[in-house]
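Student: We have chain A already, so just place chains B, C and D on it with the hints.
Residues per chain are reported as follows:
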Amino acid sequence: MSLHADVSATFSADGAESFHVDAEFEVERGESLVILGPSGSGKTLLLETVAGFHPHDGPVTLDGQRVNDTPPEKRDFGFVFQDYALFPHMTVRENVDFGSRYHDDTRDPDELLAELGVGDLTDRYPPTLSGGEQQRVALARALAVRPEVMLLDEPLAALDVPTRQSLRDDLADVLADATAVYVTHNRTTARALADRIAVMNDGQVVQIGTPDEIFHRPESPMVARFTGSNVIDLDDAPSIRSALDVSTDGIVTIRPESVEFGDSGDVRATVDRIVREDATNRVTFVVDDVTVEAFAERAPAVGDEVWLTFPADALHVCRTYAASTSV
Amino acid sequence: MSLHADVSATFSADGAESFHVDAEFEVERGESLVILGPSGSGKTLLLETVAGFHPHDGPVTLDGQRVNDTPPEKRDFGFVFQDYALFPHMTVRENVDFGSRYHDDTRDPDELLAELGVGDLTDRYPPTLSGGEQQRVALARALAVRPEVMLLDEPLAALDVPTRQSLRDDLADVLADATAVYVTHNRTTARALADRIAVMNDGQVVQIGTPDEIFHRPESPMVARFTGSNVIDLDDAPSIRSALDVSTDGIVTIRPESVEFGDSGDVRATVDRIVREDATNRVTFVVDDVTVEAFAERAPAVGDEVWLTFPADALHVCRTYAASTSV
Amino acid sequence: HGDSFVVAAATLGSILMVALGLPLFLFVARQQPSIIVEKALNPDVHQMLYLGVYGPLLAAIVSLVFGVPLAHLLSKGFAGQQLVESLVDLPLVVPHSVAGILILFGFGKGGAFPNVTVLGSMVGMVLAMTFVSAPYAVNATREAFESINDRLEYASRIHGASRWDTFRRVTAPLAVRGMVTGGVLAWARAVSEFGAVAVVAYSVSFFYPPAGGEVTTQHAPVFVYGTYLQGGLAESGAVAFILLGVSALIFLIIR
Amino acid sequence: HGDSFVVAAATLGSILMVALGLPLFLFVARQQPSIIVEKALNPDVHQMLYLGVYGPLLAAIVSLVFGVPLAHLLSKGFAGQQLVESLVDLPLVVPHSVAGILILFGFGKGGAFPNVTVLGSMVGMVLAMTFVSAPYAVNATREAFESINDRLEYASRIHGASRWDTFRRVTAPLAVRGMVTGGVLAWARAVSEFGAVAVVAYSVSFFYPPAGGEVTTQHAPVFVYGTYLQGGLAESGAVAFILLGVSALIFLIIR
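Protein chains in written order, with my numbering: chain A, 1 to 327; chain B, 328 to 654; chain C, 655 to 909; chain D, 910 to 1164.
If we strip away everything but chain A, and leave its shape as in the complex, we get:
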């Protein structure tokens, strides 16, 4: 089933400024769309609006059928919440079995829980479970009703790193063939789960595309920064401009894994900082007034002078910010 949403809604909390969400996206059958954005960008409100929890303008359609006036219980969605939202007064099995009264063909709770690795918890109550266990149960509850579309709202955000990685792997399996909309602020999660990514900022979808497009060809500095690219304003980095022979005032982006460094290259730079990450070292260089990041398994020393190379095929000019450029 495909889902199309073009919603516009205004939300006002007590005393706070009202917040406007105005976003359109489409998800094809079997596709996982990840909505990626900073906190406060309206991702969760958008997802809840699609689910039917908030009134809104603009159509939400499922396979071309407009569902604006369909209450949530008739929309055939599954929903996984950041804070699990398990019913505390029901056992794990009762939680997973919750939807069976309203759906003809539901999955067996015990089997489903066993598949998700929590088969031993069926008679426990949610408040006695760890965060990771609760989220697996919540996932089972949503899957049990065999929903046409799965909606997931930052399901990993409240979890520890190891728990998160293990559940993310299972989510990847679950979502492989499902139609799903997945909200997160974590770019690694987005890349791991998405067929396509919609980047959201300030209530609006600012770019939508494949992970490769989003990560390698960001259309704005915001998208580039949020996906971890180096964002280089050439005005602040004359030595990069002259090295690259770029005939524009624009902003270029390049992924840190594409930046090379060594004893020779395009631009001279100073090592400013080294952070050890799981697989490698994240090295920050200073060139003129800008910083550039790269990865290196064997890190140089802070203060070293090196030469950076920006491979031409990895460089990207931000379209929005430089209408006419030639790299």
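Footprint (simulated), chain B over chain A, 3 or more residues, beta carbon under 8 Å:
#, stretch
1, 152 to 166
2, 186 to 192
3, 217 to 230
4, 265 to 276
5, 279 to 292
Everything labelled a hint here was simulated from the structure, so no lab data went into it.
Note that beta-carbon positions come from the ideal geometry of N, C-alpha and C, so glycine has one too.
Tutor: Positioned in the frame of chain A, the structure of chains B, C and D alone reads:
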């Protein structure tokens, strides 16, 4: 100033089981100790107890002086909270200047805020700021009183990934020469900031050592898993045992970045999963009944059969679980 | 010194505790057992106790039946909510004797329902009690509804439950303690109501099972006041003692 | 259909709104202006209004002075807290006429302070009002204290402020709205108190500035009740109307 704590305290929330913290650690002058552990392991309670917010048994000493009976305001600590805890009825400047009435030699709020990149916010009120801005102000408030020891409770946990990385870099500078105790559940943050790491689990310090010791020579499977190592129970992986010629039933650990794979090697394995991370790909292999992770810039395809190599100098036998071994 | 703060607070707080606790203590200490026994055996007192439990029970039930739906609506919010909130809280700020007069204007002679006798009737007493106790039922239940995470109801809806089913399977079970609290508060408030009842129904006739017919007595606080006016402090103290004892007992049983 | 749930809830809720709102509406609609004018010009009513504002003000101030420290202690928790909580809530569950009798036992003839005249005195009236209104001051203030994130106080302490300074610079400013609410609630509760005041101090003598000396009148709800007994519904309704008008005016001014 050095800090030594050997505290024991029991906490009981309404209706919940009581929780016991029993932990000892020491921080030398100028050293940053990171307390790393899963959520619910008692890290925050330990830090708050050291600060003097909770009654406890066992001494807390500063430079050998016992401070158990000293109220928090006389202990000369700075504290940065996960939820910022800025005074909402005071401007940013007033927040940072809060401690100046009680300390002789405080830092100028405007200068300090400018150094931390939020010099333009001095007259704003905290609720109008973003999370990253609030945390910079909170950091300034703590630094303003020139504390002997900085205590930091997951200051990055509530922030977006890009905001987190940028503040982490600044924290690294701030903590470079400071005496600090830093609580986190994020292993990358731990490795980036720690001179030494204490791993906490279930209210107790289970291992303490340099980042290298903690990450490469974990003393228990819990520490290994939580720091991202592969944990291999040789009972479940006979082909690894025979390849390594290990004469023990023990558990061995190896960091994923040390696992090599290719057309030849020690053990035959199947590619099960590939997750794209910032710098590289995280590849999961299946060998017998266990999974092994490794990193690869050029990922194989899922389902490929490859050969894994476990370099002998990277293999570590969990001491606690295998008293007599020879690798 | 840091603890001076706690000492100062404790000192000021203790003075208030004395003002609240000493009357109860001396009230108990100065009772005369002989008068209590006499009153405890008095059939009038028995009738008063029966009415004092039974009438408030009716009021509490009425308050819950109509108050829980209203509390649910208020917890979700709607247009004109502030006006409704003001009306709900009205009985809390109106002097109780004035509340009685309001009820007589609204439902007494020449009021909305000419066929219903309110003045001096059981209906009038329960109406007066409901008027002053309904806000407690509404507010306690509303608080319980509001403390439920919205997303639990979202989860129920999205996985197939209608509004009705969501209320029955999720909202109500999670708010049931709040409803019980609201009912108990409404009941306690009705038990203790003096002013409105004294104006609307000073004496009430009602069916009293042990007598097998109608009897006439006063609602407990009115009865105590009447005893005070006619018999003085010692006698009314004994009646009040029995009333407090029975109330405390019922409270313990409910808990 | 999904909306049947809302319709049902709204229907039941509306019945309660009618029960609460209709009396007020008919009370206003059925007033006779001539009687209101007559009462509004009556010096006895002026004295009553003066006492009805002034007495409760004293009670509210006393409630806050001693109640805020107690509320702060309660918000932090201490051993024996449950006993103190029960005592604080005692006046909420005791019938008001019984509350009056408790006060006479505690502070009246033969009570704790033989030199203080409570029966029929200003002191007695304020004491009775404080007894019934202090719980509101304590509970509202306590709620305000408890809604403050603990870590704000931790942050204050760790960066150098003592308990006193923390209270002065952080806790009190953040709880000030709760304190004001508590004071207003206590004042409103004292204004509306009927039973306890009727028992302890039916009529009160006090210094009345416009007369330049002592006058004797009743606390407003008692005055309304007396008017009802002597003059009937129309006259007491007019007095009640004036009383509600003045109360509403003061409420609006405070807001």
